[in-house]
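Student: Chains as they are written, first to last, in this note's numbering: chain A, 168 to 347; chain B, 14 to 110.
Don't take every hint at face value.
Not everything, but these chain A residues come out facing chain B in the computed CB check (under 10 angstroms) [claimed, not checked]:
1) Asp210
2) Ser212
3) Pro220
4) Thr222
5) Trp236
6) Leu237
7) Pro239
8) Cys290
9) Gln292
10) Arg306
11) Glu313
12) Glu341
13) Ala343
14) Ala344
DEER-style ranges, computed between Cβ atoms [unchecked claim]:
15) A:Gly258 <-> B:Phe80: 31 to 37 angstroms
16) B:Pro42 <-> A:Val253: 36 to 42 angstroms
17) B:Ala98 <-> A:Arg221: 44 to 50 angstroms
18) A:Arg221 <-> B:Asp44: 37 to 43 angstroms
19) B:Gln23 <-> A:Glu187: 32 to 38 angstroms
20) A:Glu171 <-> B:Leu15: 36 to 42 angstroms
21) B:Glu36 <-> A:Glu171: 57 to 63 angstroms
22) A:Pro239 <-> B:Ala40: 23 to 29 angstroms
23) A:Val253 <-> B:Arg32: 29 to 35 angstroms
Residues of chain B clear of chain A, computed beta-carbon distances all greater than 10 angstroms [stated by the list, open to error]:
24) His38
25) Ile59
26) Phe92
These are calculated hints, taken from the structure and not from any lab test. Glycine residues also receive a C-beta, built at the ideal position from the N, C-alpha and C atoms.
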Amino acid sequence: MGEETRRIAPLEGRGFDGEELRVLPAEPATRLVLRASAEACEDLSAALGLDLPRTPKTTSSKGARAALWLGPDEWLVIDQAGANLVAACAGVPAFHAAVDVSHRNTAMLVSGPRAADVLSAGCPQDLSLHAFPVGAASRTMFGKAEIVLWRTGEDAFRVECWRSFSDYVLLLMEAAARDV
Amino acid sequence: MLLIHCPYCQEERPELEFRHAGEAHIARPTDMAALSDADFERFFFIRSNPKGIVFERWRHIHGCARFFNAARDTVSDRFLATYRAGDPKPALDGEGA
Ligand SMILES: [Zn+2]
Numbered sequence: 168m169g170e171e172t173r174r175i176a177p178l179e180g181r182g183f184d185g186e187e188l189r190v191l192p193a194e195p196a197t198r199l200v201l202r203a204s205a206e207a208c209e210d211l212s213a214a215l216g217l218d219l220p221r222t223p224k225t226t227s228s229k230g231a232r233a234a235l236w237l238g239p240d241e242w243l244v245i246d247q248a249g250a251n252l253v254a255a256c257a258g259v260p261a262f263h264a265a266v267d268v269s270h271r272n273t274a275m276l277v278s279g280p281r282a283a284d285v286l287s288a289g290c291p292q293d294l295s296l297h298a299f300p301v302g303a304a305s306r307t308m309f310g311k312a313e314i315v316l317w318r319t320g321e322d323a324f325r326v327e328c329w330r331s332f333s334d335y336v337l338l339l340m341e342a343a344a345r346d347v
Numbered sequence: 014m015l016l017i018h019c020p021y022c023q024e025e026r027p028e029l030e031f032r033h034a035g036e037a038h039i040a041r042p043t044d045m046a047a048l049s050d051a052d053f054e055r056f057f058f059i060r061s062n063p064k065g066i067v068f069e070r071w072r073h074i075h076g077c078a079r080f081f082n083a084a085r086d087t088v089s090d091r092f093l094a095t096y097r098a099g100d101p102k103p104a105l106d107g108e109g110a
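Next comes chain A alone, as it looks inside the complex:
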């Protein structure tokens, strides 16, 4: 009589799928918080196969992999195909810190014509397209929780948050969706 164990994602079965707003848990992904000086950037970019962005609030992506500028020497690298990002950086001799946060974060995909308005209920940044264009990303707040917000399309966002905050973030989004 064998017992089966199964990993349950933080937001498994949650979210909602309306005509003007969809909030769905993102598929599992591997994630890296990368800290590196400007000198190490080129080698790390080569190792990861994409250009680490140097401009605030920008991203670069290639295939299933993306690098989000978080600070002048800090990036969040996300691989939606689940590649081993730590291993990818391990061969770079230039001084850097690469910390796997795949399971610290979870993400939800927010899309639809009401997406920006609903996010604005909890996020104090200007999310209009001229201030936060497609491809922009930023660490910021959603209500009381810190998130990383990435605009993947005019009406589509990826919201990364710590898994322990995800329940709160989703509930606040649901409340905003009722009101906005």
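Dock chain B with the ligand against the given chain A, drawing on the hints supplied.
Tutor: Structure of chain B with the ligand alone, referenced to chain A:
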């Protein structure tokens, strides 16, 4: 809500993303052990706390996470300038500086 210009993000961002981090330009003594108790107290505890222009450290903790410095008027709560950590105090024209 205040909008604060982050010198690293190079744009104005909402104050909810920031945290105050005490008075700026306080030089850490090079030989801490040699300080008298009175000098240590002066370095460690005593702050200028003026009514008017203050130079403060701030941290864009929920943004780029960088510390930077700001000149702020404690009467009006207006930010007069923000600048990168390590940069000298900026010249403030007008504003009673
Ligand atoms: Zn910043």
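Student: Any CB of chain B closer than 10 angstroms to the CB of Ala344 (chain A)?
Tutor: For Ala344 (chain A), the interface hint is violated, since the closest Cβ of chain B sits about 21 angstroms away, which is over 10 angstroms.
Student: For the range 44 to 50 angstroms, tell me whether the beta carbons of Ala98 (chain B) and Arg221 (chain A) fit it or not.
Tutor: 19 angstroms, violated
Student: Does Arg306 (chain A) meet its interface restraint, that is, does its C-beta lie within less than 10 angstroms of any C-beta in chain B?
Tutor: At about 6 angstroms, which falls below the 10 angstroms cut-off, the nearest Cβ of chain B leaves the hint on Arg306 (chain A) intact, so it holds.
Student: Do the Cβ positions of Glu171 (chain A) and Leu15 (chain B) conform to the proposed distance bound of 36 to 42 angstroms?
Tutor: 54 angstroms, violated
Student: Is 32 to 38 angstroms a correct range for the gap between the Cβ atoms of Gln23 (chain B) and Glu187 (chain A)?
Tutor: Since Gln23 (chain B) and Glu187 (chain A) have Cβ atoms about 34 angstroms apart, the given range 32 to 38 angstroms holds.
Student: Go through the hint on Gln292 (chain A) and say holds or violated, using the shortest Cβ distance to chain B against 10 angstroms.
Tutor: 6 angstroms, holds
Student: Does the Cβ-Cβ separation between Val253 (chain A) and Arg32 (chain B) fall within 29 to 35 angstroms?
Tutor: Since the Cβ atoms of Val253 (chain A) and Arg32 (chain B) sit about 30 angstroms apart, the hinted range of 29 to 35 angstroms holds.
Student: With 10 angstroms as the threshold, tell me whether His38 (chain B) passes as away from chain A on beta-carbon distances.
Tutor: 21 angstroms, holds
Student: Does Trp236 (chain A) pass the interface check with chain B, least Cβ-Cβ distance below 10 angstroms?
Tutor: Trp236 (chain A) check passes; min Cβ-Cβ to chain B is 8 angstroms, inside 10 angstroms.
Student: Between Pro42 (chain B) and Val253 (chain A), does the C-beta distance stay in 36 to 42 angstroms?
Tutor: Since the Cβ atoms of Pro42 (chain B) and Val253 (chain A) sit about 41 angstroms apart, the hinted range of 36 to 42 angstroms holds.
Student: For the restraint on Pro220 (chain A), tell me whether the closest CB of chain B is nearer than 10 angstroms.
Tutor: 13 angstroms, violated
Student: Beyond 10 angstroms from chain A, beta-carbon-wise, is Phe92 (chain B)?
Tutor: Since the minimum Cβ distance to chain A is about 16 angstroms, Phe92 (chain B) lies beyond 10 angstroms and the statement holds.
Consistency note: the structure conflicts with the earlier hints numbered 1, 2, 3, 12, 13, 14, 17 and 20.
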